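Enquirer: Residue numbers (our numbering), protein chains in the order written: chain R, -4 to 264; chain F, 3 to 306.
In short, the hints are calculated from the structure, not lab data. These numbers come from a predicted model, not from an experiment. The reader is advised that the hints may include incorrect statements.
[To be verified] Derived CB-CB ranges, DEER-like:
id: 1; chain 1: R; residue 1: L72; chain 2: F; residue 2: S81; range: 14 to 24 Å
id: 2; chain 1: F; residue 1: L115; chain 2: R; residue 2: L178; range: 35 to 45 Å
id: 3; chain 1: F; residue 1: M197; chain 2: R; residue 2: L180; range: 55 to 65 Å
id: 4; chain 1: R; residue 1: L178; chain 2: F; residue 2: D146; range: 54 to 64 Å
For each residue, glycine too, the CB sits at the ideal point set by N, CA and C.
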Amino acid sequence: MRGKILHAIGLAAIVVFTLFPFVWMVMASFKTQSDILASPPVWFFTPTLQNYVDIFADTKVSGAIVNSLIVATLSTLLSVVLGTPAAFALARYDFRGKSDLWFWFISNRMTSPIVLALPVYLLAMYANLLDTHLVLILIYLTFNIPIVVWIVTDQFKSIPPDLEQAARLDGADQFTIFRKIYLPLGAPGIAVSAIFSFIFSWNELLYALVLTRRNVQTAPVVATSFMSGYELPWGKIMATGTVIVLPVTIFALIVSRHMVRGLTMGATK
Amino acid sequence: MSEAMRAAPTKPNRGYGRWTPLWFLAPAVLTLFLIGIYPTIFALVTSFRRYNITRPREGFPFVGFENYVAVLTDSTFWSSLLLTAKFYVTVLPIQVVLGLIVALLLHKPGMGLLKSLARVTLVVPLATTYAVVGLIGRLIFNRDFGVANQFLSFAGFGPVDWLSTPGGAFAAIVIMDVWQWTPFCALIFLAGLSMVPGEIEEAARLETSSKLALLRHVQLPYLLPGLTAVMILRSADVLKLFDMVFVMTRGGPGSATDLISIYIQRVGFRIFDLGTASAQAILLLIITIVISRLYIRLLYREVQ
């Protein structure tokens, strides 16, 4: 009995510890400035929607969310289009240099964005691509393609080879096999990898900070930019934070079973 | 590579030509080459030049290893690497211990509904935009109206000036990192625990009532691969860590939270000394490649 109570307390503690910062942000987004600045902090207050009204009236915030949507969606689509054929090759063929290719994909997961941010900044500057959606979409492929390739390869490997054999007897070529058998049967894995790509692109700050100016600022950049000056608009900041985090949290809950696989590139199953 | 070749005995009819894999791989590989490798080579070249874009009139002459010598004799570079190491050895044990406790609680039979709820909530910190974690940190650790100081006062302690004292700022980024990444460790350990064959665990439970003995003799072997993964991945993540710390402290006060990625970003994009920053980035890349090699060597042996 005592064990059960301790178990329940422990589990409840996990929920509280995990959700508290998130809930505290959401609460602050419904507070007036004076409630937020109250010392000691207030836990019970009359909620206001004013902060949300303010940020959606602010074209800077709504524009940034649109930018984030454009960049994350297009980068995700591109990485699926480019990554799934590569996953097919890795799942079905043996060829020289296969393990080197793996190594390269994994290294991409490990590398600090600052390593690429410096040269890409210069290259984009010379190519007049600074502050465009394109440069962000392309640079996000450096982490999106590896994640798609990894997860989809795994999924493709689980497709029974008999299906392919049968199709081959019917005279199907490799591209037809890829399109007619692997793409439809691999769809769940492709969806999971797409969601991960979207989450990673949506959350990215460093590249966006360095490679954009006024026009293409993404949501995290704008949220961060509120953080300068003396009288910080805390309510607006927290409302913006909530609006940024909410969609990716929902996506993450959808793929929660695959979370570890997505974050480790599958080293632990 | 040798394994891949051994695994490919020449089958009578493979149904595809020698170059078929290439057609499927080419789009992804070419793209990654263009956006990943080419800029890296560009950074390598830049690292051998004097390259300050605020002074274009001086041109960008090649200076040999001058930048590397400057970086390797720069005490700030070393102290920020050291600080990154200190951050790693501070957060890792906390995350491993807390993560293990969480995993054991989630693995224990019973409490179905509450357990599912706890399991699902673990995903929330992992998905939270890193920059927003920093914003939340700024709110929670505010000296005047932060809730962290309220908790301290409940416990009978006086207020702490978290973000403007070196020790406080370091503690604050440690706490936010522990919040965000403990679930990651917990989920990995949970996966390890669920690999223990049910019969063995049950037999052991009948044999001994000591939870510690069970952990040490039955569960530990299944937890070790996960622990290795956590140690390596977290080290790479700490070297990458930028967003949360940048938003919370910008590396300050002074250089109290000046982790390596923050420092290189400042040299490159505040001082605009891109030659030096590129040399630093290349050194960081070399460290990362060593870590990745280690990761593959230790964890991907069976996969391929």
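Enquirer: Take the hints in turn and mark each one as holding or not.
Expert: Quick rundown of the hints versus the structure:
In this structure the hint that L72/R and S81/F lie 14 to 24 Å apart at CB is violated, the actual value being about 43 Å. Between L115/F and L178/R, the C-beta spacing of about 38 Å keeps the proposed range 35 to 45 Å intact. Take M197/F and L180/R: their Cβ atoms lie about 27 Å apart, and the range 55 to 65 Å is violated. Evaluation of the 54 to 64 Å hint for L178/R and D146/F yields a pass: the beta carbon distance comes to about 57 Å.
Checked against the numbered hints given earlier, this structure breaks hints 1 and 3; the rest are met.
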